[in-house]
Amino acid sequence: MKNQIKFVQGNEACVEAALYAGLDFFAGYPITPSTEIAEHMAVRLPQIGGRFLQMEDEIASLCAIIGASLTGNKVMTATSGPGFSLMQEALGYAIMTEIPCVIVNVQRGGPSTGLPTHASQGDINQARWGTHGDHAIIALTASNHQDLFDITVEAFNLAETYRTPVILMLDEITGHMRERLHIPKPGKIPIVSRLKTSVKQGVDYHPYLPREDGRLPMSDFGGIHRYNVTGLFHDMWGFPTDNPQIVHGLLRHLLDKIGNNVHLIAKYKEYYLEDATTILVSYGSSARSALHLVNNRRNRGERLGLLELQTLWPFPYGIVREKCANARHVLVVEMNMGQILREVKIAVEDPEKVFLANRIDGMFITPTDIRNILRLIQGKGV
Amino acid sequence: MGKPKLKKLHIRQEWCKGCGICIHFCPKKVLELDDKDKAFAARPQDCICCKLCELRCPDLAIDVEAEDE
Amino acid sequence: MEKCRIVMSGSGGQGVITASVILAEAAVIFEGLIAVQSQAYGPEARGGAARSDVIISDSEIHFPKVTQPNVLVCLTQTAYNKFFPIIRPGGLLLTDTRYVTTERKVDAKQIELPMYNQVMEKIGNPVVLNICMLGALISLRNIVKPESILKILEERLPANSIQMNRNALELGISLGENLK
Amino acid sequence: MAIKDYLRERFFPHMWCPGCGHGTVLNCMLRAIENLALEKNDIVMVSGIGCSARISGYVDFHTLHTIHGRALAFATGVKMSRPDLNLIVPMGDGDALAIGGNHFIHAARRNIDITAIIMNNRIYGMTGGQFSPLTGYGKLATTAPYTNIDHAFDTVSLAIAAGASFVARTTTYHARQMTDIIQKAIQHKGFSVVEVLTQCPTYFGRKNKEGSAAEMMENYKNITTPIGSKKSQENPELIERGIFVEKEMPEYCSEYKKIIQKAVKGK
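Protein chains in written order, with our numbering: chain R, 1429 to 1810; chain F, 26 to 94; chain H, 27 to 206; chain D, 81 to 347.
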């Protein structure tokens, strides 16, 4: 039992969770503050017969894991801001070709090289809109190691279920901080395996014809069905086409398979929302500061609550609207210029009641920072 | 074993784009373009089955069938 | 248990980060406590002022940084000059006599120990200064039991260096005991 | 198996221009595969973007048409997870050496068992005739309207310097040699580079007044010579063709297998 309890960095918790989820293959390129993920992978993967690759850059890393995923592997790469920027084209490719993969972005301060060793949540919008063309994306986050473990496993499950890349948005704080991690027994958290085609050899296999339930059974590359995979719009056999009907149908499929399932995908946690007059909305490491403050003020009788988002994209508009319906004030706590604030304002009926508590100087936002903004919007002065 | 003799020079007209490579390099000048700019065997009797036309054809349109095949 | 908020500071290479991780890990793995450790990363990790924050508690810890430590360890003058003002009133400030000349009085228990000199005299290898410091710390404040730290050391270290580290831990404990 | 059995015939005639050398490369490559009697299910072809990249759509293998310049990175992922498969990566000169240059040298350095075929037509054809890293000094292209001042790579020297364990060059004129070289390249265990000089009569040829496709091929006969030939010694301007490097070196996937053994043992 003792070995099941670890005291580790978030980056290592992410590695353990990926292995728990059945990871076979990792490719990456060193970049702060995500590098520990690659370092632990290099040790752990070959121990279980998996493969670790250090590629020549982040572009190659994502391309390599897409190739490996096609042959039936569960795959992951990890990077930080600048590397995530480089991955955007291949991310679009994985979306278009519906190849499951998990991309971890341990965020740091930006733009550009920015603040490599400091805290930021500046890539939230890039995760949503970074690659070109209309597309849907799943992006998750977590604020503590135990949740991070669960959410990482969930990232693999969603990638397999929807055959899509899933982005795990960590940050410098969660990535580097050490805390307790309890590794659950195998089987405790359900694992989604790759849905394989049952079409027999010699029978026409349609790699891009979804089943009734929208899922797309896959045939391993190098297996019994030879087919084509392309980033061009393609027909049900995977061959390029510009037939407007097929193009429209494929794009709708890519959007709807995620857009229509927000209720199944969206994960969140809530604290004291029932009677809260002021609700903090936060995610990732900044939700820790928010929760610290909420616990603190609750002890003094203030009706403060926290909605912690774990699914950032697709944005759970319905959940945010419902949870914040009765609040007088909604305060979004994040370490950027309001990337989730914008979505919360869209979600709620009265956007005037939504405010931002943020830090953009590389320093971790503190409960005091949030408290100061809170007093301002509640008209109490700092 | 005698010299290979041509049985048939197959040219898929719908694949041929009339680039003229086969004609240009044929050592025996067997091939010509027809009035639709497609290659055809004008002098099949001269063919020595060297198969260079088949090998170089960028349209994969030529198949040289020798008698012993 | 009241929350113990610790800042360990020194220069990169003195092992303050390692020491803080060992302390927190011992608390979590062998004493069933909650602990969070974080540190300032960056180029300063080599030679500059290294700082590690540890919070140990018996209840959940959300905000992981220490703004006002009730235990502050400074192993260099630079670190001391930078951090001594943040000590919580009534806290414990531990410094090494070779590296730090304390200047001003703080509203805290100020302990200056010849840890480096003792390590060099008794053990002869400066790499275990951080473990000696841990020993002193846990004898001055009952954060975790020495056995818990020893068990972590046994897990982490190659067999041939365990004895030296055990000696350093005991040396630190006795330095702390002498003050009681 | 006849080479037609390796084709996806429904997509023919192919999309390349009349006289484009890429078709000849496809032709010779399939003959090489036929000679080796490889199973279609055992071949994965990965391509990038450009005229050259369309080759993967025409062959009845497992085919992965990827993004510009990154084919070798995708292929590395496939090969590492399925070392038993034959990986063939045809690329254009821009695809392989401009946008994909970094992946090319690093795949060579790792010596991963992939066959890279660089179809060098010295131009970007798909986008309409811009100069590539192999166009060469003094040539014309739509983006070098006053002549090109970019110097060309020597693909063979680059591949050798990067550590490829099989390096060869041939041309579309030398179709028999091309077939033979590709066959050896596929058989070689390690990273194999085959540069094929292939004509683009539509853009490079027309811009630089090199005549018809056949005339451009005729030119390959005149400007190349076998490696180390007497002609080569007399005229160093001639481009050598043949196999420059063919050596045994630790192959990446095999080496990783050893890493796994070490890691499992040390666990």
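FYI, nobody ran anything at the bench for these hints, they're computed from the structure. Keep in mind that this is a model prediction, so the values were computed, not measured. From the three backbone atoms N, C-alpha and C, an ideal C-beta is built for every residue, glycine too. Treat the hints with caution; some may be incorrect.
[Said to hold, decoys possible] Ranges of calculated distance between the beta carbons of each label pair, as one might list FRET restraints: (1) Gly116(H) with Met1765(R): 37 to 43 Å; (2) Glu320(D) with Leu1660(R): 35 to 41 Å; (3) Asn186(H) with Ile1652(R): 51 to 57 Å.
Assessment of proposed distance window 35 to 41 Å (beta carbons of Glu320(D), Leu1660(R)): With Cβ atoms ~38 Å apart, the hint holds.
Pairwise beta carbon distance, Asn186(H) to Ile1652(R), judged against the given window 51 to 57 Å: Given range 51 to 57 Å: holds, Cβ gap about 55 Å.
Pairwise beta carbon distance, Gly116(H) to Met1765(R), judged against the given window 37 to 43 Å: About 40 Å separates the Cβ atoms of Gly116(H) and Met1765(R), which means 37 to 43 Å holds.
Violated hints: none; the structure is consistent with every hint.
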